[in-house]
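Participant: Take the given structure of chain A and dock chain B to it, following the hints.
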Amino acid sequence: MSKGGRHAYAALSVLAAGALVLTGCSKGGSDTGDNKKQDKENAQRQQATIKFGDAADSQGPAPAVPGAKSGGTIAVPQRDSLAHLDPAQIYVSNESQIAQLYHRGLTGFKATSNDGGEHEVVGDLATDAGTTTDGGKTWKYTLKDGIKFADGSAITSKDVRQTFERLFASFINTGPTFIQQWMANTPGADYRKLLPDGPYKGKHLPAGVLETPDAKTVVFHFKTAHADLPYALGMVGYAVVSQKGDTKEKYDKNPVTSGPYKIQSFKSGKSMVLVKNPNWDPKTDPLRHQYVDRFNVTFNQQYEDSTKALIADSGGEQTAVSLQNSVDAGNLAKVLGDPKMKSRTVKGYQPFVGQMNINLSHPAMKDKKVREAIAYALPVSPFQRAYGGGEAMEIPGGIISPTVTGYDPNFDPWGKKKKPAGDPAKAKKLLKEAGKVGMKLTFGYINSQEGQSYSTAMAAGLEKAGFDVQRQEIPSESFYDQVSKIKNNYDIFNTNWGADWPSPSTVIPPLYDGRTIADGASNYSQINDPKVNSEIDRINKITDPVKAAAAWGKLGEYIVKDVVNVVPTGYFKQVQIAGSKIGGVAYDDVIAGIDPRRLYVK
Amino acid sequence: MVDGAAQPAATPEAKALEGRSPGQLMWIRFKRDRTGVISAFVVIFFFLIAAAAPLIAKLYGKNPYTVYADERPELFDSAGVPVQPNGGISSEFWFGLEPGNGYDVFTKLLYGIRTSLMISVAVTIAAVLTGILLGVTAGYLGGRTDYFISRVIDFLLAFPAQLFFIASMPVVVSLFVSPTDETPVYVRVVALILVQWFLGWMSLGRVLRGTTLALREREFIEAARVSGAPPGRIIRRELLPNVVTPILVQGTYLLPNFVTAEAGLSFLGVGIVEPTPDWGQMFSKASTELVMQNDITYMFFPGISMIIFIVAFNLLGDSVRDAFDPKTAR
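Residue numbers (numbering that gives the first Met the number 0), protein chains in the order written: chain A, 0 to 601; chain B, 0 to 329.
To be clear, the hints were calculated from the coordinates, so they are not data collected in a lab.
Fair warning: there could be bad hints in the mix.
Claimed, not checked - Listed next, the in silico SDA-like pairs over lysine to any residue satisfying Cα-Cα at most 20 Å (straight line):
| hint | chain 1 | residue 1 | chain 2 | residue 2 |
| --- | --- | --- | --- | --- |
| 1 | A | Lys417 | B | Leu193 |
| 2 | A | Lys418 | A | Pro408 |
| 3 | A | Lys416 | B | Tyr67 |
Keep in mind that this is a model prediction, so the values were computed, not measured.
Okay, chain A solo, but in the shape it has when bound (with noise of 0.2 Å):
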C-alpha cells in the first residue's frame, strides 16, 4: 500500500477556522488510560501468521455478526474522492478499503474473530486460497458455482485471464505489479514485455503462465517459487474484471462489480451511492454480508469536519461512519477522554512505518559513524507527537510494523523507547570521534502542518548532538517525486511505507533492494548493500511462511542496526469513530480501518 501511504499523509493539512468561543481557561492535556498492556495484545495478536484456509473455511456464507439486523442507509463522510473503480488501478488504501464491499477475487482475507484481529486467507471466487504441489511454482484455482457479476452473467475462468492479460496493457498503471512481475519473472516494468498490448489484440498469455483448461478452473505457473500468492490475489488490484464488460479505459468509470453492493451512481470529488447487488449470492461468499441497503458516500470532508459531526451523534450523524477518516490530532484527547464518545471508537494500527532515510549516495553520508550518530540523536517524539501522540503513533525499534509478521517487541537498537527524545550525548561522541562535529546536514521535510512541526522539533535534536541542520521544505504534492530522485540534496528525509499485505516482503524488497535503484524508484536510501541483495534473493525462496518470516525479520534488524541507512520514526495507529446507531463496527488489522463489510444499522 505504497501509494496510499503517500496519498494519506501528502494530502495537505488544512487550517480549520472554527469559532472561538471563550468559555474561560482550558484543561491540561492528559494520557488517556493504560494503553500500553493493550498495544502489546495487540501487538502480539498481529505478529501471529496468517494461515491459509481450507475449502470448508472458503465457503459462503460469512459467520453472522452477532446482533446484526438487515436495513437502513449508512452515511459514509470520506476525505478523499476515489481516483479509481477499476479494479487494476486500485492500490491506495482508502480506495480498497471501500472497494471490498463490490469488487471480489479469487481469494480474500476472512476475520476470524469479531475484532478484526484474526484471519485467515480463504478462496473468494476460487473455492479455496489455492493449492501447489511443488512449493509455489504452480498454483490451481477452481471456481465456485453460481458466481455472478452483478449484470448476471457467470463468472468463469474467461473474465480471470482477462483480469490478468489486461494487467500487462499500458493504461493499467497504478495498481499493483506483483503478480506480473512473477509472470514475467523481471523486476521494474519490464514485465509489459510479455503482453505488450495486453488481450486486446488477440495475443493471449501462454500456457506456460496462466492456464484455463475449462470454465471453471485457473492454473497460474511460475518460474520461481511464489508462496505469497494468496496473499496477493487478496489485493483488490486483482479482483475480477468481466471479459464481455471490459471497456479499457473506460471500465474505470464503470467497472461491471460483483460484491454485495454495485455503484448506482459516482460524482467525482462529491459522492458515491452504493445499492444491493441482486445477483450477489451470499452462499457463494465467506467473506461480506449485505445488512445495508445502502451506502451514501460523501468526499471532500475533511477529519476534523468528520470528527466534529460524529461527535456530535445528532440525526443523520447516527448512522454515519468514515471508513477513510481517523479521529483528528486535536480531538483526538476529547474523544478517548468521554467514556461514551470512547465506546463508539475502534483503534488499531495502519500498515505503514515512517522512516528517515539517510541519503547514501551523498559522500558526507558514506561514514557509518556519521550514520550512527544521527540515528542516535534524531528525536522521535516530535513524530509523535505531531500525528497526535500516543493514540496515533507508536514509538518504533525497527522498520518492520507490528501488523507485519516478523515484528520483533523487544528490538529497539538506538534506544528509542527508553529515551524517544534522542541520545544528543553519544551521538556527540560518534560525532567527535567521525571528526565531523558542525557538519551540515539538509533534512528535506514535507511541508505540511505535521511536516513543519516535527522537522524544527527533530532538527533541535540533532543540533543539540553537533549537526548543523539546513531544513528544506518540499511542496507536500511532489514531496515523494522530488526525494526518489538519484540526485537530490537531501541528506535526510523521512517516508512512510505500508506491507501490502501482512509480510516483510513486500517492504524490505522495494525499500532496501540496491538493484532497484532508479529515478522514481522506493529506495529512497539508496541502499545498495550485497549482504541485502543476497539475502533478499535467498528469502524470496523460501516457501515456508513462518521459516520467511524469521529471516525477513532478521534481515530488517540488519539494516537498521548494521547498514543503517534508515532510523524507524514511528508505527501509525488510528483512532475511527461511528455513529451511535452503526453496528458491527471492528477494526480489522488487514484493511487497517474499519471493516466495511460488517456493519449494520442498529
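Facilitator: Showing chain B alone in chain A's frame:
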C-alpha cells in the same frame, strides 16, 4: 504715565505669550490629552520590551527555541499538550508552554513582538521615505512628472494587496536562496519588508502630493522662488517643515496596519515560519484544532497583546493628529 503702573503687572503675561513653535504647541496640546498619553506609554512599553527581548529572556533564563516537549517530557502528554492546566502556566513558565513542540510562550511572545515590530518599523520608514520622495516631487514639479507618478500611484492602489503579498512572498524568497541551504530568516524578513513596502507607500505619497500642490502656490514659496532660492532649498527649508504633520499622522496610522498585515502573512504561512517566533505565526498555531480543543489559554497571549497594541497605536495616532491640527474633524 497712568498706564505705566500697569506695565510691571503685564510682564509675566508677556513672558507667557512668548513665541512658541508649532512643535511646542503640539506638545502642550498632546500632554493635555489623557488617552493619548496613556496610549503613548503603552506603545513605548511594547517597543521597549521588543528591544530588550534578549535581555529579558536572559534574565528569565529561557529562549524561544528550546523544544521543552523533548527537554522536559514530564510536562507534556504524548501529543505535546501541557499536562498542567491552563497551558502549563507555572512559576517557571509564566505564560505556559506552547502545545506541540512545547516552546516557552513568554519568550516566544517577546521575540514574536520583536520580529513583528522590527519588520513593521522598517516597512514604515521605507514607505514614508518613498512617499515623501515621490509625493513631494510630484506635487512640486507638477506637469508630466506629476502625471506619471500619480498614474503609478493609481495603478499600485488598484492592486489587491493581500493577494499580491501571498503570491509574491514565495517568489521573492526563492530569488535569494541556494538549493542546499535552509532559507535564512533574514531572507524572509527582507522579502516581507520589500513586498509590504512595494504596496505600502502610496496613500502617504498621495496625501503629500496634494499638500505640496497647495503649498506650492502659497506666497512664502513664491517669495523664496523670487528671491532666487534653488528648488532643493525650497523643498528642504520651506516645503518639508510644512508637511511634517501629515507625515507623522499618516505614519502613526501606517505602522499598526503593517503590524497586522505582517501578522496576517505569517498566519497564512507565507511570512515568518517556525521556529522563528512571530506574532502572526502564534495566531496560526492558536487556530489549530490541537490548541482549540486542548489549550485555549494559549490564544490569549498573542491575542490580547496584539489587541492592546493595535488599539493603543491607533488612539495615539488620533491624538497626534488632534494635537497637530485641532481644527480638523476626524
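Participant: Of the numbered hints stated previously, which ones are contradicted by the structure, given in increasing order?
Facilitator: Number 1 - this is the single hint that the structure violates.
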